[in-house]
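Student: Using the sequences and the hints given, assemble the complete structure.
Residue numbers (numbering that gives the first Met the number 0), protein chains in the order written: chain U, 0 to 660; chain Z, 0 to 660.
Think of the hints as simulated: they come from the structure by calculation, not from any bench. Small disclaimer: the values here were computed from a predicted structure and weren't measured. One should not assume that every hint holds.
You can't tell identical chains apart in this list, so a pair holds if it fits in one copy or across any two.
No farther apart than 30 Å at their CA atoms in a straight line, the calculated lysine-lysine pairs in the DSSO-like style are these [stated by the list, open to error]:
#, residue 1, residue 2
1, Lys460, Lys293
2, Lys460, Lys574
3, Lys77, Lys564
There are 2 protein chains.
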Amino acid sequence: MRHALEFLQPYFLGPSAENAQVFEALLVELVRDHTFWRRNFHPEDGPSIRTSAEHTGSYVEFMDRMKTELYGLSAELKRAVPFFHPRYIGHMNADLLLPGLLAGMTTMLYNPNNVSEEAAPVTLDKELEVGRQLARMFGFSLDETSGPCAWGHLTSGGTVANYEALWNFRSVKFHGVALKAAAATQAFDPPDVGPRTKALSAYSTWELLNLPLSSIVDLRRAVARAYRAERGDGAFGAFAAAVRSERIESLGTAGFFMRHRDLKPPCLMVPASAHYSWEKAMKVLGFGTANLIKVDVDAHMRLDITSLRAALAEARAATVPVLGVVGVLGTTEFGTIDPIDEILSCREAFRADGGDFGIHVDAAWGGYLASMFRQPDGSMRPRDAMRERFEHFPSPQVYGAMAALAQVDSITVDPHKMGYVPYAAGAFVARDRRVVDFLTQKAAYVFDLGDSDQEVPMGQKLRNLGQYILEGSKSGAAAASVYVTHKVLPLHSEGFGHLLEQTVHACEYFYDRVLAMAKRLVDVAHVVVPFEPDANLVCLAINPRGNTDLAEMNRFGRELFADMKVDSTQPLQVKRFITSYTSLLRDNLPDAQAKRVVGEVAIDPASFCVDAGPRPGCADHVFILRHTLMNPWVLSERNGKNYIDRYLAYLEDRIRTLVGG
Amino acid sequence: MRHALEFLQPYFLGPSAENAQVFEALLVELVRDHTFWRRNFHPEDGPSIRTSAEHTGSYVEFMDRMKTELYGLSAELKRAVPFFHPRYIGHMNADLLLPGLLAGMTTMLYNPNNVSEEAAPVTLDKELEVGRQLARMFGFSLDETSGPCAWGHLTSGGTVANYEALWNFRSVKFHGVALKAAAATQAFDPPDVGPRTKALSAYSTWELLNLPLSSIVDLRRAVARAYRAERGDGAFGAFAAAVRSERIESLGTAGFFMRHRDLKPPCLMVPASAHYSWEKAMKVLGFGTANLIKVDVDAHMRLDITSLRAALAEARAATVPVLGVVGVLGTTEFGTIDPIDEILSCREAFRADGGDFGIHVDAAWGGYLASMFRQPDGSMRPRDAMRERFEHFPSPQVYGAMAALAQVDSITVDPHKMGYVPYAAGAFVARDRRVVDFLTQKAAYVFDLGDSDQEVPMGQKLRNLGQYILEGSKSGAAAASVYVTHKVLPLHSEGFGHLLEQTVHACEYFYDRVLAMAKRLVDVAHVVVPFEPDANLVCLAINPRGNTDLAEMNRFGRELFADMKVDSTQPLQVKRFITSYTSLLRDNLPDAQAKRVVGEVAIDPASFCVDAGPRPGCADHVFILRHTLMNPWVLSERNGKNYIDRYLAYLEDRIRTLVGG
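Tutor: Next comes the structure, spelled out in structure tokens:
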């Protein structure tokens with residue numbers, strides 16, 4: 000099968016910098032546009048630097064120092080990782096899309112700071128528009144007039160976006176309890192509020208902890224209206240202050256739980272395959288890693304929904320509030336996609352039982368895949384129509400997960416991963432922008448308790464971005480980079496999705512060819528794909544035939560990898576291919592999966608153990624090769640062979656040599 | 000006084016892009032070096048994109064879309080803020096230093112990810128070197144063989160660096176309590192450990208909460224050694240796991256305080272003038288804003304040391320652990336510098352009383368000023384030598400604060416502010432890198448409890464940067480930008496300090512001329528500098544003569560400011576000067592200061608009140624103009640007048656017109 004890659008020709012600078020001339024011409028043009036803008040801001044001022052400056056000693060000396068350092072850096076960067084090249088099939092990196100690269104480099108000259116509109120009159124708008132572009136891709140509503148309206152913004156990366164999700168969830172989760180406590184201090188008890196239309200005091204703590212997000216938003220407003228109606232606008236400031244002082248954000252976690260001794264600390268549920276940043280998040284936000292429930296994964300390395308149900312039932316039985324459940328859309332290590340649709344079903348059932356939790360999707364890696372599922376008119380692309388373009392993709396599970404995104408509460412997605420834009424550009428997107436009213440830093444009496452008549456319009460508020468996000472000063476250049484990328488390649492199947500389609504083609508091709516290679520190697524080694532690829536990342540477990548020791552298999556894997564890893568002590572050109580690896584930890588696998596995975600490569604399951612220390616031949620992890628097929632040029636051919644064929648031929652040869660040697 | 004600005008001529012692109020040609024030539028050269036590197040990675044592969052591509056329909060169509068968007072962006076950016084120009088004297092922005100701008104733009108092409116060495120073999124080293132460069136500027140020791148050795152890294156900005164400081168403090172503060180609790184569960188009690196050489200069980204919770212950082216580091220190691228000696232290396236894993244499970248990071252804040260019911264939640268002390276990100280930090284990390292003690296400021300808008308002493312005594316009396324005290328080196332709003340030396344003295348006294356706390360300096364704005372105080376040989380520049388270069392600077396207070404930096408625990412500094420490099424580049428620098436052992440995410444049995452014989456060398460560990468910092472994926476381009484800037488302009492008085500000297504000259508000149516202007520305006524308006532500038536930021540309070548109402552003064556200020564603010568509805572050229580403003584909140588001022596500040600502009604102090612709502616003429620804030628004198632070209636002259644003279648002439652004219660009109 001030949002792949003029609005022609006349409007990609009203008010997208011990137013290219014594996015051999017084939018588009019160097021057009022790139023340079025545009026860059027120079029945009030730089031000149033900037034320089035002459037400077038000259039004409041107040042041309043009557045004339046220059047501050049003399050035209051003869053370049054002949055002065057200090058000028059010459061500075062230029063000498065600067066050039067020495069810049070040339071030195073440029074020389075050292077020749078040891079950088081050649082992400083741009085199809086011989087690189089390692090981490091989540093590839094070439095950068097030209098529109099974003101040029102937009103980023105150009106905007107850097109203007110150096111806007113997206114913390115607020117005052118420092119970024121142009122790029123702040125772009126950032127909020129990026130939030131809308133991403134929201135649309137996920138299927139969130141952007142209707143400002145009814146129902147939840149989405150919003151989003153950039154972060155320095157997915158880790159910070161994940162922190163933000165928890166910060167958002169906490170601010171809403173405990174608000175009802177604060178409202179009730181504050182009302183009690185003011186001897187105020189509105190009679191018919193909230194989803195159960197009863198007195199605020201009649202809501203139990205458990206009920207208040209388990210109201211859906213939109214109910215909390217409504218309750219907060221209803222209580223404010225009732226207070227104003229009963230005691231007048233003038234008295235409202237005192238009530239607002241009372242609510243603030245009862246919030247977990249004011250009291251702190253320790254203080255809040257000391258005041259509410261019947262409450263148990265909340266837990267967060269993530270699949271065992273989740274990124275390590277979730278542990279970090281639990282530490283940083285003060286929730287504690289002991290309250291991070293790692294839900295088992297299934298045979299496809301996806302969150303196991305039966306295990307999730309069991310974990311939820313356990314939390315319910317122990318009256319432990321569930322802060323949220325995280326589904327991963329494209330795990331960092333394996334590229335696998337959790338059943339987001341089934342997490343939503345679990346929540347429905349949990350709600351029927353009086354519980355509630357937020358759902359966050361960590362789509363740092365896989366978020367942009369959603370562009371393949373979205374038609375230009377904004378509707379979901381039918382699965383049948385998609386299936387015509389692929390051999391396996393999308394599985395019903397993957398399709399179901401993608402279709403469900405529109406209903407989750409928030410999503411992390413990294414434009415600097417599958418968005419092909421420069422670092423640092425992560426993003427946080429939320430389904431309901433009214434959450435920002437729970438986050439504001441300013442003690443703005445009028446807004447703090449939500450009286451919609453007197454509110455500043457949300458669109459205006461968000462121009463003070465620093466008030467509603469974790470970070471402060473932030474790059475407007477990153478926003479411009481992502482914005483222009485999305486404008487040139489809209490986030491639907493005929494825009495960005497068309498590009499990503501090639502990465503899935505590459506993955507399917509790789510997968511098929513690996514199976515063929517495995518057959519050829521049957522007498523030499525066990526070569527297995529431990530989890531079928533959900534999109535465009537493939538892992539390989541390799542064990543020399545006859546070996547049953549996990550420690551020996553891992554040693555073999557590391558030796559194999561040694562030639563394919565980044566090694567800055569050698570000239571780059573020595574490397575024929577560069578890949579990456581990951582470790583499958585015993586600790587993160589249920590027994591059955593652990594047994595299956597090593598069993599498939601004929602390893603004695605007894606040698607795969609949590610504490611590998613004392614026993615010879617044992618290991619607490621399985622070393623596996625990991626291939627991210629982001630670079631669409633891996634399918635470009637030369638003499639009838641594409642880069643995947645060439646890589647696998649190389650790999651086969653290396654395996655044979657190492658086993659033989 | 001004429002200022003010798005010639006040396007600055009090659010530093011920047013320039014107010015009129017005077018250095019456009021040299022900039023463009025270097026940029027093109029560095030871009031070409033990159034493109035031909037691509038071409039020669041594996042030249043035998045040949046191109047993936049055909050040379051005829053540019054004539055294909057899809058290529059032409061994509062280029063059309065891309066150019067449309069890029070030209071559109073470039074056009075819109077003409078409404079960006081002209082930070083580069085000396086007519087801009089508003090926020091903490093100015094032109095960008097050429098070395099950093101070029102290094103950043105160049106490195107973006109290579110797109111390294113500094114989360115780990117594997118994705119950034121070159122720039123990760125640069126980032127760790129930036130940490131050392133900044134540490135050296137602050138006077139921290141970099142001796143790896145004895146005593147505390149500093150380290151630092153970049154963050155997306157000062158806000159994240161501030162979060163990181165609290166995260167670091169917490170991880171150490173509560174570790175002793177966890178050690179003792181874990182030992183008890185193992186029926187283990189080492190007899191002679193810690194600074195008081197006694198049994199671990201004999202340390203009270205209060206003692207353990209109040210050990211200095213280095214004592215905790217030592218205690219952790221001593222306990223580990225004792226355990227191994229008593230029970231053997233094989234049993235150590237169980238103890239390490241027990242310690243982990245007792246840590247606040249595992250239990251969470253709520254769980255930890257439930258287990259230690261005698262403990263009170265810790266507080267953090269900051270000056271009332273501190274940035275709003277400190278409130279955000281208290282919320283995000285779960286400490287709670289109620290535990291943020293805002294210490295009064297003095298007449299110079301610096302932390303008042305008597306108030307700090309009182310707050311500390313109060314905490315001591317109530318047995319509230321003090322997590323840390325934050326000193327601000329260059330407040331965002333006023334540029335004022337807290338007495339870091341006196342905070343250190345307070346800690347000495349507090350320690351003598353059995354207490355302890357971490358000291359963090361938020362030098363996001365003022366950190367780079369330290370370069371003026373550091374001689375090329377690394378020693379402090381004597382104050383007398385500095386005084387020869389200035390009229391007022393540095394005051395004994397400012398000098399004392401700077402000299403004390405070497406002894407604090409950690410510092411936030413933003414290269415993207417006074418470091419003149421592009422966004423986003425903040426930094427966190429810590430005096431003792433052994434703190435990272437308390438932060439690691441991995442459950443690495445060998446290292447987790449510190450047995451120095453078996454440890455991976457610290458320098459090697461830090462190459463896995465993502466394990467020890469708040470963020471994950473991060474820009475290597477930002478690291479290259481800061482690194483090259485510091486190489487070309489070393490962080491001492493003859494390098495970077497020489498540049499910053501001009502900003503202080505500009506400020507002193509501005510200050511003197513304002514006093515002269517105030518005299519000329521004596522019959523028209525009260526013009527007052529409410530706090531003497533500590534370095535290079537000047538605020539102005541202006542009240543029309545005869546008015547005693549704060550609300551009216553604020554209205555006047557806003558009207559005055561209307562012509563000087565960023566306004567994207569008008570062509571940029573309409574603006575003659577652009578400044579910024581700030582609000583001095585009554586809530587943040589002690590009574591005496593509130594009275595003094597408004598008294599100096601003949602406002603009735605009774606109209607300056609915390610709750611301004613109901614009373615006519617009152618306000619809860621004073622509107623003041625704020626001038627950041629970062630752009631050294633403000634002193635460049637044309638027809639004998641520099642930009643400061645011209646701005647003040649303009650301002651005087653506007654005041655006369657508005658008062659008259």
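Student: Decide, hint by hint, whether the structure agrees.
Tutor: We went through each hint and held it up to the structure:
| no. | hint | result |
| --- | --- | --- |
| 1 | Lys460 <-> Lys293 | between (37 Å within a copy, 27 Å between copies) |
| 2 | Lys460 <-> Lys574 | between (52 Å within a copy, 25 Å between copies) |
| 3 | Lys77 <-> Lys564 | within (16 Å within a copy, 45 Å between copies) |
Violated hints: none; the structure is consistent with every hint.
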